[in-house]
Amino acid sequence: MTIGTAIPEFCQGVKHFGQPLPEFEKYGKQAAIKEGQSAVASADDPVAVYQTLLAADALRYLTLQTTATKESGHPGGFASIAEAIASLVMLGHKNIITEVGHHAPGFYSTMFLDRSLEDMGIHTVQQLGERFREMHGLLGHLSGQIPGLLNPAGPLGQGQHFAMAGAKLHRDVLFPVTIGDGGLGEPYIMSSFAHFHTAYPDVTNFLPILVWNGYSQEHHSMVSTKPNEEMIKYWQGNGFQEVILVNAKDFDNANQPGEYVDSTKFSFSQRLAFTQAVLEATDKAAKSAFSGKLTVLIVKQLKGAGVHKRGAQSHNLYPGDSLEKDYIVNALKERALSPEAWDLVRTNFERSAGGPASHHVVTEKELPLPELGELPLTEYAVKGDKKVATTAMGELVVHVGKKDPNFVITNADGNAASGINNINVGLKIVHPTVDDIYYQGPQGQVYEPLSEDACAGLAVGLALFGARTLWCSYESFAINGLPIWQTVTQAMAELRRPTPSTITLFTAGALEQGRNGWTHQRPEIENYFAAMMRNGNIFPLFPCDANSIQVCYEWALGTKNKGITITASKSALPVRTTFDQTRQALQDGGVVLHETEGKKQVVFAVVGDMTLIPVFDAAQHLEDQGIGVRIVSVISPRRLYRPDDVMWHTCTDADSHFLDDEGFERLFGGDALIGVTGGTSAMLEPVMLRSTSKRDVFAWKRGETTASAGEIMAFNGLTAEALTKRALSLVG
Numbered sequence: 010m011t012i013g014t015a016i017p018e019f020c021q022g023v024k025h026f027g028q029p030l031p032e033f034e035k036y037g038k039q040a041a042i043k044e045g046q047s048a049v050a051s052a053d054d055p056v057a058v059y060q061t062l063l064a065a066d067a068l069r070y071l072t073l074q075t076t077a078t079k080e081s082g083h084p085g086g087f088a089s090i091a092e093a094i095a096s097l098v099m100l101g102h103k104n105i106i107t108e109v110g111h112h113a114p115g116f117y118s119t120m121f122l123d124r125s126l127e128d129m130g131i132h133t134v135q136q137l138g139e140r141f142r143e144m145h146g147l148l149g150h151l152s153g154q155i156p157g158l159l160n161p162a163g164p165l166g167q168g169q170h171f172a173m174a175g176a177k178l179h180r181d182v183l184f185p186v187t188i189g190d191g192g193l194g195e196p197y198i199m200s201s202f203a204h205f206h207t208a209y210p211d212v213t214n215f216l217p218i219l220v221w222n223g224y225s226q227e228h229h230s231m232v233s234t235k236p237n238e239e240m241i242k243y244w245q246g247n248g249f250q251e252v253i254l255v256n257a258k259d260f261d262n263a264n265q266p267g268e269y270v271d272s273t274k275f276s277f278s279q280r281l282a283f284t285q286a287v288l289e290a291t292d293k294a295a296k297s298a299f300s301g302k303l304t305v306l307i308v309k310q311l312k313g314a315g316v317h318k319r320g321a322q323s324h325n326l327y328p329g330d331s332l333e334k335d336y337i338v339n340a341l342k343e344r345a346l347s348p349e350a351w352d353l354v355r356t357n358f359e360r361s362a363g364g365p366a367s368h369h370v371v372t373e374k375e376l377p378l379p380e381l382g383e384l385p386l387t388e389y390a391v392k393g394d395k396k397v398a399t400t401a402m403g404e405l406v407v408h409v410g411k412k413d414p415n416f417v418i419t420n421a422d423g424n425a426a427s428g429i430n431n432i433n434v435g436l437k438i439v440h441p442t443v444d445d446i447y448y449q450g451p452q453g454q455v456y457e458p459l460s461e462d463a464c465a466g467l468a469v470g471l472a473l474f475g476a477r478t479l480w481c482s483y484e485s486f487a488i489n490g491l492p493i494w495q496t497v498t499q500a501m502a503e504l505r506r507p508t509p510s511t512i513t514l515f516t517a518g519a520l521e522q523g524r525n526g527w528t529h530q531r532p533e534i535e536n537y538f539a540a541m542m543r544n545g546n547i548f549p550l551f552p553c554d555a556n557s558i559q560v561c562y563e564w565a566l567g568t569k570n571k572g573i574t575i576t577a578s579k580s581a582l583p584v585r586t587t588f589d590q591t592r593q594a595l596q597d598g599g600v601v602l603h604e605t606e607g608k609k610q611v612v613f614a615v616v617g618d619m620t621l622i623p624v625f626d627a628a629q630h631l632e633d634q635g636i637g638v639r640i641v642s643v644i645s646p647r648r649l650y651r652p653d654d655v656m657w658h659t660c661t662d663a664d665s666h667f668l669d670d671e672g673f674e675r676l677f678g679g680d681a682l683i684g685v686t687g688g689t690s691a692m693l694e695p696v697m698l699r700s701t702s703k704r705d706v707f708a709w710k711r712g713e714t715t716a717s718a719g720e721i722m723a724f725n726g727l728t729a730e731a732l733t734k735r736a737l738s739l740v741g
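My numbering puts the first residue of the sequence shown at 10, with every later residue one more than the last.
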């Protein structure tokens, strides 16, 4: 490439070009990443430093022009970390993760420059702007469908989980994760690092990069007042052995006020000095992370550096912030590159890491999974001895873990407390201290931080990256881990590749936790799952016994790109079904457990296992009065919607099966229908939506401290007497 090169084709749509920057003839003769290489040869090479600065300007320019094209989006936060992102690419690291969904346009710009977005038909800057914030285009926040990007990002405080999951599965790859200083105040970020590092001390090939820019969305960040030394000690106090801080203020020769400054305002020589410091620090941090040290890189630079506004005002664009707005135009002109510089940046980004990220990052291909062989299913006799469903499933979980070394089960409240101590016995809790009393050791596969976010985060991160996992929780506590589970299930629905479904086991439902009172009786999480069923890839399952739960888990293990919740009791309960009955119920939505004829027919649609107890008692009362009763255990309510109720056709590995009208009538047709659940009534919506019978619902209302499951059911009106009375009134 020589100076005077014509405007590259990919630059079609660039609104402003600039003159070559000083010394371009000296440092821009050829790409710093040589042909056939995947990174610059040295972080202190003046050519590499110079071209890293060009890359940072290119990223800022694209981010601002793309967002201004739609008068919408978030350029400011990414702008303050542009040098570090450019440095990572120049050093050959492309498995880059972010905790900050608002950095999306900057990440899209990165993927555009390395040609990853060509996989979705984006070849020019014009198309980059046109497809931003459009359906089937570049969403406002990172999702699962963008070529080359590893993780979804929207809710803050989540990205570190993906970085740690990637590092655990791919020990020879660096997983940098940018963390906003506004997001640093989110709960669990530091605690999740700490627990992971204690559990897996030899897995350090992830690199948090703190974007310390002084501002959150609409105000100063809460850590903006920390002195530099205090910030360093904060990370050290949380177990980080190598803390590397690059402060733009140390290079400022433009007399900018305050602790946070904009490096693009420096003289050109000082801009190069700052860029060199970031490039060398990034290289040092990467090597430190690979060396076995828990490492963090902190870049302190004013939010909005190099774009249209500074501080919190740079966070997002509003209607009117168009490509014609004076301060947008001025900012673009300040960052404008010459055609030669654009060509140079594109060449470096394309060569980095061996080619476009969309062809090389770890999430662009399936992770090989070992065969599980035949699961050790144990079919208990119907109407035989009572069995604990969760314990029965635990035996299968142990088998999976022994066959699949990457398999991890997570549980914040403890497996022993959920009736699955057999998992601890078989797979061991991962902990550096060997203690046979607690079934723990450094090679364990059971991950037990006292944080639902950390449990859900690692489980879903590993699943998104292609590994099998199981997240266990009490139903009442799981809501604290739901945000990242929900984020990942949506990403799975959009992924361009298959990946194991993210599976959960929620035990100790409201009906089992009377003695602990309302703090342990919070089934409202089922409202979320009920709503999410309409997404198309969410399957809440409610096995009714120890046989049923085994078949539900067997089915879940064979699925892809779904979110599957299994909710069951940890109490010993009657065995009511065969394996084949649940296999059919997973197709039909439910299974008939009991049916008698009578002068009128009452149908009970029951969600859960313990709730069947008062229903069977009510059936006896009704049958004594000549009323026929059919009891249907609703195993998979999602099957009971109509196809048009659910967005199944938009999902990767789309599941289009729903129970037809004839089948629905066979299960639920009668003179009266009563839905019964120990959780939210929302889970019965598909049944109530389709039924034409007289109908009613009995559901959870509120928790209370009680001595037994029967007493808490009575408190909520879930008694045989109440069910009988209402059934008679409906058919009377």
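Rather than coming from a laboratory, the hints here were simulated on the basis of the structure.
Ideal placement from N, C-alpha and C gives every residue a C-beta, glycine not left out.
Check the hints yourself; a few may be wrong.
[What the hints assert, rightly or not] Here are the simulated distance ranges between beta carbons: (1) Arg543 to His179: 30 to 36 Å; (2) Tyr447 to Lys43: 51 to 57 Å; (3) Gly364 to Gln39: 33 to 39 Å; (4) Arg543 to Glu730: 45 to 51 Å; (5) Ala540 to Gln39: 44 to 50 Å; (6) Met656 to Lys392: 37 to 43 Å; (7) Arg524 to Gly635: 52 to 58 Å; (8) Gly301 to Arg699: 29 to 35 Å; (9) His603 to Met656: 31 to 37 Å; (10) Gly248 to Ile16: 46 to 52 Å; (11) Glu195 to Gln629: 49 to 55 Å.
Okay, the hints, checked on the actual structure:
The beta-carbon spacing between Arg543 and His179, approximately 35 Å, falls within the hinted interval of 30 to 36 Å. The given range of 51 to 57 Å is respected by Tyr447 and Lys43, whose C-beta atoms sit roughly 54 Å from each other. Range check, Gly364 to Gln39: Cβ separation about 19 Å, and the 33 to 39 Å hint is violated. Distance hint check: the CB atoms of Arg543 and Glu730 are about 35 Å apart, inconsistent with the given range 45 to 51 Å.
A beta carbon spacing of about 56 Å between Ala540 and Gln39 contradicts the range 44 to 50 Å that was offered as a hint. Taking the beta carbon of each, Met656 and Lys392 are about 41 Å apart, inside 37 to 43 Å as hinted. For Arg524 paired with Gly635, a C-beta distance near 40 Å fails the hint of 52 to 58 Å. Range check, Gly301 to Arg699: about 58 Å between beta-carbon atoms, so the 29 to 35 Å window is missed.
Checked against the given bound of 31 to 37 Å, the beta carbons of His603 and Met656, roughly 35 Å apart, stay inside it. Taking the beta carbon of each, Gly248 and Ile16 are about 50 Å apart, inside 46 to 52 Å as hinted. Judged by the Cβ atoms, the range 49 to 55 Å given for Glu195 and Gln629 holds: they are separated by roughly 53 Å.
The structure shown violates the earlier hints numbered 3, 4, 5, 7 and 8.
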